[in-house]
Each structure stands twice: as C-alpha cells, then as structure tokens.
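Q: Fit chains G, P and F to the supplied structure of chain V, relying on the hints for placement.
Residue numbers (the numbering used here), protein chains in the order written: chain V, 1 to 333; chain G, 1 to 333; chain P, 1 to 333; chain F, 1 to 333.
No false leads were mixed into what you were given.
In this list, chains with the same sequence are indistinguishable; a pair is considered to hold if it fits within one copy or across any two.
No more than 25 Å apart at the CA atoms, straight line, and that leaves these computed lysine to any residue pairs for SDA-like:
1. Lys201 x Leu171
2. Lys75 x Asp32
3. Lys70 x Ala140
4. Lys6 x Thr45
5. Lys70 x Asn228
6. Lys6 x Thr37
7. Lys151 x Met169
8. Lys214 x Ser61
9. Lys6 x Glu259
10. Lys70 x Tyr137
11. Lys70 x Arg27
12. Lys6 x Asp301
Everything labelled a hint here was simulated from the structure, so no lab data went into it.
Number of protein chains: 4
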Amino acid sequence: MIVVLKHGVTPDKKKQLISWLQNLGLRIHVSDGEFQTVLGLVGDTSSVDMDLVESLEIVDSVKRVTEPFKFCNRKFHPEDLVVEAGGVKIGGGNFAMIAGPCSVESEEQIVAVARAVKASGADLLRGGAFKPRTSPYDFAGLGAPGLELLKIARAETGLPFVTELMNIMDLDLFADVDVIQVGARNMQNYDLLRELGHVDKPILLKRGLANTLKELLMSAEYIMASGNERVMLCERGIRTFDDYTRNTLDLAAVPMLQELSHLPILVDPSHATGIARLVPSMALAATAAGADGLMIEVHNDPIHAMCDGAQSLRPDEYDALARKVRDIRELMI
Amino acid sequence: MIVVLKHGVTPDKKKQLISWLQNLGLRIHVSDGEFQTVLGLVGDTSSVDMDLVESLEIVDSVKRVTEPFKFCNRKFHPEDLVVEAGGVKIGGGNFAMIAGPCSVESEEQIVAVARAVKASGADLLRGGAFKPRTSPYDFAGLGAPGLELLKIARAETGLPFVTELMNIMDLDLFADVDVIQVGARNMQNYDLLRELGHVDKPILLKRGLANTLKELLMSAEYIMASGNERVMLCERGIRTFDDYTRNTLDLAAVPMLQELSHLPILVDPSHATGIARLVPSMALAATAAGADGLMIEVHNDPIHAMCDGAQSLRPDEYDALARKVRDIRELMI
Amino acid sequence: MIVVLKHGVTPDKKKQLISWLQNLGLRIHVSDGEFQTVLGLVGDTSSVDMDLVESLEIVDSVKRVTEPFKFCNRKFHPEDLVVEAGGVKIGGGNFAMIAGPCSVESEEQIVAVARAVKASGADLLRGGAFKPRTSPYDFAGLGAPGLELLKIARAETGLPFVTELMNIMDLDLFADVDVIQVGARNMQNYDLLRELGHVDKPILLKRGLANTLKELLMSAEYIMASGNERVMLCERGIRTFDDYTRNTLDLAAVPMLQELSHLPILVDPSHATGIARLVPSMALAATAAGADGLMIEVHNDPIHAMCDGAQSLRPDEYDALARKVRDIRELMI
Amino acid sequence: MIVVLKHGVTPDKKKQLISWLQNLGLRIHVSDGEFQTVLGLVGDTSSVDMDLVESLEIVDSVKRVTEPFKFCNRKFHPEDLVVEAGGVKIGGGNFAMIAGPCSVESEEQIVAVARAVKASGADLLRGGAFKPRTSPYDFAGLGAPGLELLKIARAETGLPFVTELMNIMDLDLFADVDVIQVGARNMQNYDLLRELGHVDKPILLKRGLANTLKELLMSAEYIMASGNERVMLCERGIRTFDDYTRNTLDLAAVPMLQELSHLPILVDPSHATGIARLVPSMALAATAAGADGLMIEVHNDPIHAMCDGAQSLRPDEYDALARKVRDIRELMI
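Extracted from the complex, chain V is given alone in its bound form (with noise of 0.2 Å):
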C-alpha cells in the first residue's frame, strides 16, 4: 500500500503518522520527493483502512498496489481452474453450453427441452426451480417440486443441471444438484456465500447489476476463502442508460477476468439483452471474446413460457446457434 502525503506537511504530523501505521504491524519506507513524500507500507495492509487514511487532514491519496483477493487471482495460481460438474469439464480449454427454460414449469416441458438442448449438443441443462422476481406478483417459481423435475430430467437424459439458490434454508433440497448458481441480486449476499463455501458443489457466480469485476472477484473470494474453490464466474450484463436492450453485455469483463483469475468465465447473453433475436450475434461474440461456456434460455414454446419468454430460443433456434458457436471454437483452438 502507498500513502501520499501532502505537500507541506510538518515533518510532526508525519511522523505521527508513521507511527501509528507502525503500531498496525507494518514497515515503512518513507520516499520524500520534491513535491510530496510517498509512504510504502510492508507487511500485511489488509487491516489497514484506505479510506480512513486517505480521510486523513495530511494525506493525499491512497492506493492499494497488491489486489485484495488472493484464492481467485491468478498471479497464485497461473494455471487455468478446471472445474468438473457431473463428469463434465469447464474451464482450461473446455468449453461448455449450458442450455435451458429460465424456470421449471412442468415435467413435459422440463424433459422436452432438455432433450431438444441434449441434441444440440448441449453440456449441461439450465432451470430455475426458485426465481427472483422484481414484483411479489410474479410467477416464483415452482420451488422443491421444480428441483425434482429437473432430476427427472437429468435422468433421462444424462445432463448434469444447474439450478439458482435465492435462501441459505432450501440448502438441504440442494444436496442432489450439480452446480448451485447464485443469481445477479445475490452476488452480494455474503451469509449465502459463506455458506456456499462449506458445499462439495461447483458454484456459478453471476454478476450483480452495477458491480465491478473487482466486487465479483471479492464475492468468488468469500465462497473460496470458506473452503470451496469450485467457483465459475458469470458475466450477463450489467445496467447502463440505454433503453433499447435491458442490459449491456459487457464482454470486455471476459478477457479481463481471464487475466485477473484463473477461474472459468461464462456468458450469458440471454439475460444480457433481454431480446431472443439478439441472442445469437451476442453468444458468437462471447465465443470469440474467448468465454469458457455460455448459458443460454430455451423453451419450447416460448409464447406460452411463465417467464421470459422474450428472450428465450426455440430448440431449432438454439441449434443453428449451436453449430456457428462450434465454428467459431474451432477456429479457437
């Protein structure tokens, strides 16, 4: 950590100062310089409170030259994280298309897309059993029973499934899941993190709203720093001004991520435009922006889905999207 001080600071106040980040258990290197003296601080600076010190009468600015997350940086571990999920690889080479209904509505439907998905070639089936709507008024989800139908689902066709938990007090219903996603509101619930990390489950961790790829690295950082280093990011736009699309997908975050972690990055364009025609374009440019896996809203009768049906694909659409994503992998390789 650096501390700028002041210009015209008493030689007192600065020592002061530097007293008082020695008593915290630090060295420090004092570097006057014509216009202002520059602090390094040695040792561990996790304690030490940038925003308290760069609050301080004799301080200029602050900065933190050694990032705070330390189980998802990839400057400890510069191999890729490879993570296994019901026998199927994602990460470090392996690609991976997760395809599904936004929620589980009946066993019909559930079945029906995961075999259409499974023809496609998909690697794991998406489907919320619990979902979280803005308006207490819309359709939640079938809850337990929707966990079930999945199962059924996986059983019929050998897809392993992901599934969004919203309350750390439905874990026990977990316990046959493949991996536990955890949704764009919740990337900040740090109790339900924490709990995730005492789970033998990989964990797809999507991105919040208006957070930055530091917050979300910190939010994977909770669930690793409690045990689990299963995680796989989740990039599915975030909020802007624009009102044309519902988010902006910001795929810029994939290769960022790749270099600041070495966890899986998945793309989500589905949630990300909000808009099925748009879908397609989107998922070709998370492929060739190098994503470890996209995740992708199917239904098969989207008209009638109880919940985004607009940004859904119908099973021939997904499909052709399907073929063109292979394309562009292979050109990857």
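A: Just chains G, P and F now, kept in the frame of chain V:
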C-alpha cells in the same frame, strides 16, 4: 396495458393476438389509427408478461398504464404513513434524526456515542452488529453480542435503535430490536423481504446501488404484501462513474418517492458520499429537499473506527450539524 | 402518439385537452377503458412536446409510437446502405478494416504504418491530425500539416483515409479527405453535424460516451436531413462504473442498430477498452456480432506514440489479428 | 507521479524503464519494497502518458499525485473567485439567482418574464437564442434576432443576461452579451473552449451528461489557460439508469468542486429533473448544499412554451421559491 401493433399487420394476425389476450381473461379495446392499431387491455393485466408480448413479431411496443405496486402506492393511500418505532414517530411531518456508529465495537463506544447524539437531539440510535463487507477479510461486526450492546445503550439513553439484518436465520436474535434495516445489497433479497413481511416491527429499506425507484418500491411491496406495512425507504447514493465521491446522492428521489408513495423517505448522506466533510452539506440539502429524516454516522474516535471511519462525524461535528438541520426544518413547516 | 389520461379525469378537462390537441392539426381517437382513457393522436405529431403533455395534471403518460428518425430508419430503407469511400465499399456485406495510428506524427511514421496495415489487408487508413484531448496541456495533433502527411501515405499505398474534423472552420482543409470522422465528444455538436450535411463525402459518426442508440441515430439524422446520406455509425464504448477498462464496449448495439437502421455499423475496440491486450478479443467479438467493419489503432512504436500508445497494436499484432478476423468473417457468409 | 512495478521484475528491465523516464527529463526516486518496487517521478510529468506507462509489461499501476489542472485549482488560488457580470457579483458569498425561459420566443414573452423574475429579485436573466436539440426537427431557437430581444429585455429591466453559444462562427453576434453559456453537450468542444479563452466575458460552463468533476475542471482549464479566467461552473444533472427523472442531480458535486477549485458553482435544477414540480425542492437543496447560485427556467405560459415547458415554473411559482431560497441563504451566512 396498451399494446401498439406494427404498421401493416394482417387482420388474421391481429385477430389471433386479440383472442390470445382474451384467453387471459382480458377485455380488449381496439383503436385503429391511420398508421397503427392500438389495443387497450382492460382487466387484471398482472399476469401478462410485457416483455413477451413486446417480442411478438406484430407488436411494436407495450406500455403498462398502472403501476405494478399497490400497498405502497400513494394513489391508494393519499395520507402520509406515520411509522412509530420505540415511541418515536417518523413521517407525516415527523422528522427523525438517526445517528450512531457504522459498527458497534464495544459497550464503552456505543454508550458514549449514544449519549452524545442523544444530547444533540437524536431520535434514534444506529449501529451495525452484522456488517456486509465487500471483502471476506474485513471486520464483519460483533454479531449477536453487538445487539446486546445496543440494548445497553438504549437502556442508558432511552434511544430506540436501528440495526441491519443480513440473514433470515438470525431473525430470532432481532426480537427486541426497534427497527430492522435491510441494507442496499439485500434490497432484492426477496426471501428476506418476504420473511420481514411477517415481522411486527418497522423496516428501514435501503435503495440498492443501481436500483430504480420503481424497484425500490417493488421491494417495499414485497414486505407489505406479506403483511407488514410499516416500511420506511432510505436513499443512500447510487453508483455512477465519478470517482471523487463513493456514490452519487440522488436527492430528487425524495420528492419523487413522496409523490409515488405514502411511505416515509430517509436520507443517509454518510454512505452516499463516503467522505465526512461532505456529510453536513448533503444532510442540509436532504433536509431542504423535504426528507422525512436523516441517518448519519457518528463515531467518538473516527480515526480508530473499525469500519467506515472516513465517513463518520465526530460528536461535536454532529452537534453543529443537528442545529443547522433544525433551523432548516423550522423554515419548512 | 398515445396519451394516457389519469383515472377519474372529468369530461370537461378531457374535452379541453382534446380540443387543444386538435388545434395542433391532429385527429384524436378516444378509447375509454375501465380504469383510464387513452387518446390516440393521428397526424404529424412531430410538433407535439411529449414532456409538456406528460406534465399536464390530467395526463398519466405519453408514448410516441413512431420513431422520430426517418432518413436513417430501416423501416423506410429496408436495404442495407453501402457507402463508398475512395473506391472501398462498406456495408451490405462489405466488411471494412480501418487501421492506423491515433495521431499522425511524422511522414516516416504514417507511411510506415500505412504500408504495414496495407500489407495486412487493411481497406482504409486512420490517423488523427486534429485531436480532442481532455487536457489543454496534451498533444493536440499536427493540424493541417498532418492532413498533408495522410495524403502522402495514401499516395504511397493507395489506401483512402479517415480523419477527424473538430471545427467547422477547418472544413476547407478537409476537401481532399476520403472519410470525415465526427468524434464521440462532438456527437451532439449540432452545428457541426448540420454543416456536414452539405458535404459530399462519407461521414463516420462515433457514439458519444453516454449517448443512447436513439440519440446516435438522431445525430445521423441531422447530417442526413441536411442532405448527406452517406453516414456510417461507430460504437466505441460507453462510460460505466468499472475501472479496469477505459469504457464498456456495447456490442449488442451492433445487431440492435442494424435492426433500427440501414446504415453500416463499425466498431472501435481500441478506444472501447484503452488496453492493447484486450483489443484482439474485442475485435473478434465485434466481427462475430456482425459489425460491418473495425477501426483499430496500430502504431509502429507504441512505446513512443504521442497519444494513446497504451491501446495501439504493433503491426505484427495487427497482422495476426487481421487473419483471425478474416477467418471469422468467412464463417459468417 | 508514482509507478508501481510488478513483483519479480528483473534489474535489467527496471533499469531500462528508469533510464527511459530519465530521458523525459525526470528525476526518479526508487523505493524497493518487499513485494514491489515503487518509482517516484519528480519534475514536470505533464508530458508522461500514464496509460502507456501502465500498459508496460513490468508495470503494475501508475498514479498521478498532483491534479492536472492549475488555473482552476484551489491549491494555487485559495480565495474564492468572484465573477462580475453586468454589475452583478457571483461567488465568494455572493449568491446569484438566474431565471428566465428556456428559449426566447418573442419580445412580449421575454420582456414579461424578465419583469416578473426581476420583481421576484432575480439577479440575471437567462434565455436561449441558439438551442441544441436532440432532433433536427425540433425548434432550434430564434437565432440572432433572439439575442436582440434579450437586449431589449435587459434595457427594460436592467437585468444582465446569460445565453448559450453553440458555434464559434457566431461569436461576433455575442459581443454585447453579459455571460456566455457553454452547454452540457459542448463541454468538451475544445475548439470552442479555446476560443472563449480569448473573450473578455464571464463564461458559464455546464457539466456534460456523463462527465466527471475532473473533466469539468479540465474544460474550465482550457478556457483559463487560453487567457480568460472568469469561469463559472454549473451542475445540471448527470445521466443514470432511473427513468422517473430526466437526469440525476449530483449535489455532492457542489462541496466537492468548491474544495477542488475556487470557481463559483451554480446549480440548474430545471434541466436536472425535467419536471417543474421537482424544481423547488431541488433548488432549496442546492442552496442548502452551498451552491453559489441557481439557474431556473421560468415561463409565463409553460403550456405553450416552444421548448422544455414541462420543466418551467410559472412566475408566481418562481416568486414563492425565491422567497424560500432567501430564507435558507440567510441561515447560511
């Protein structure tokens, strides 16, 4: 709800859509214009998925003409809601000053701060026992013992207190708390909101970092629709691109929310700016904007605060500010 | 245009509004619903101030059902526009690679870069002679002599070139330029846009940092309504809150703009990210998203570039990228 | 400027960078820490391209420790700047009320509004003759004749006036204007700013829709560095994601800018909200936040205003507001 059809839709397609909408139990008023046809949907449109209808090939756009919130809608509750918490009234002309440290750190600290803010006329004490922190390595609050210290401070000063709940499983611990706070990061933790709908206590609901006013109201609606109508809203800054301040305080939210809803609206200038020296001017501005109360961080020793010291006022600074707030309030009656 | 009246409006007030609107030369279709009345305005509504009508006491909301842009609207021009610039075609399936340095610095530099990108298959050269810089103390370009150097590079390589115009008063100097660029900061410099409507040259219009797609199209409309229909759009990143990248590249803008407009859409991954090592993945992603061309910064000596060296590729890096772009393009035909 | 090197940089690479920086005329203080080396650059670093240095393979991060603005920096000008315009003082404790219509429409209109706001104690008149409009089809102002009408209103009332300049080529027409306004969309029209540096008149510079405070100050610096130090800043709302209000008024910008700069800071609550009924509370809030003045749209007949009628107060509403503003100002002295 209004559905605008695209120019040149065939009568067949139009008929098909109308009968599909009628099957949802709606009556449809058709208005054929020169350039487009407009359908007016009459009846309970809460089950209609706007995005889906908008995605249909023949539809140009869809517009909801009634707000999706009811319990917190001023249209149905023209009178200001007055919330009572530990004998203190908030809203409907009752202005509340809530002050205290970010975190409860020790009996000595919380009692000292409580006495100081009480002497300066504060109505409620604030203090966190469970703290959401971006990093898993930061101080996360004292937990349950922190709640006990808040009760001691209450006993010493008579000030009711507000404190944040992060985890549904901790609800029992909050039985003797005066006001339960839902933090910005949990604004859309719907399971938590629903659970708080069954609690017989006032809830202080903070706006999320990138949430719209409508989303804030929908979250209030979650609590109220589950049975608890004692909800207060709190503006605490939204995330924008500037980096001089931590967040951007959106004060127009105050009169806008007061127009849309009858719930009291508080403002937290401490989290909104993250900088203690900006807190007084933003507190005065919020008062002049017509807020129903303020929530301000005060610490007896900011330099050694375990959390957010940079945005905390010292007791003497708070005292000076409280006087000015009262002066402005007097002008507003 | 549709005007939704509030619930409970008196017949008198309704009649008054209708007659006011009729005086503007409009025909009004009235649709009385159970909960609200909807007025459909037929005729030329371009003179109606939506915000004003929306502010009337009896009005709930107003919605325009036709886009306010005509010249750049695909509805009226279903065929892709193909722009020809110095013998090169852009749009309608013609993919253009534009490459070159941020700033023209010397004859040696611009000719060397032009030769290198030509050898790698570039279609046009880019290079700034007049540079918008945030600070008045930064290098602002060579000015008029820079334009002469671009002409020398064109003579040496046969590459037509694109360069930015910042000031209407410089227009005469641009007589022999192939494509005039309007930079992001001038996207809403309406006097400049209007003037470019009288020029017989293609215009490359960059999206502003915080502008919506509709605003971008309205700015194109300014140029086209003044007489020059050879306009190309360019997405170059918008401003959000993350600080790892300079801007956030909004690739969904590509298919969305192609749906709304027939104008070619280019993507500039260099300014969008500000980081050379992210440029290749974003260039490939933009290609896969269906862009009509790319605009990429290339410098023969980035370390000594006078401007934006951090986001410039070296010629060998550009060459490797151009090959991959071609591979992806081949998949897309 | 501080350059932090990555962990494990070889002595050779380090030496090479240091000598490159020394060649730029800088002295380098090297501080070798346990985990990283920090270089302190002493001398004139204004020629150093931060982004470029940051992009070097061996560099972790770069930080400027002195602000890049000088003329508008309070560090070098501790006293508040008092700007005099047509006999009215603004700044340094002199609070200015600027009021008038969005657009000048007729002699009758501008004289009537000028008289009304003068009677309510306004210090300056505002009114647009050249209007930036998003659509080329909207009313763009009366142009030069509008300026003549403003002079008539000034002659009738004695109020000096502020009006917007959009085009350098119109500068001659502005010879007898009291204050020249640079609108939000032209905040980074650098040629315009430079030209205004040669003008002997106060300039009112509005913050752009998505510009940081630093960028606003750099734009002021452009004018001041060219010779005209009579610059006033104006906060008028920034663009965020909420759609209930037109923009988000950033009132913390007021005390923050006053800390960074000695220039007067005005607030325009009319453009910030776009809704007349929110203007009074935001005007009072801005006053309580310590602004040096307000700029408010007033129209004698908002319903028939040719521009922005929705955000204009009627004269009687303005009069009531002006009284309350004065009450709050009295508290602040």
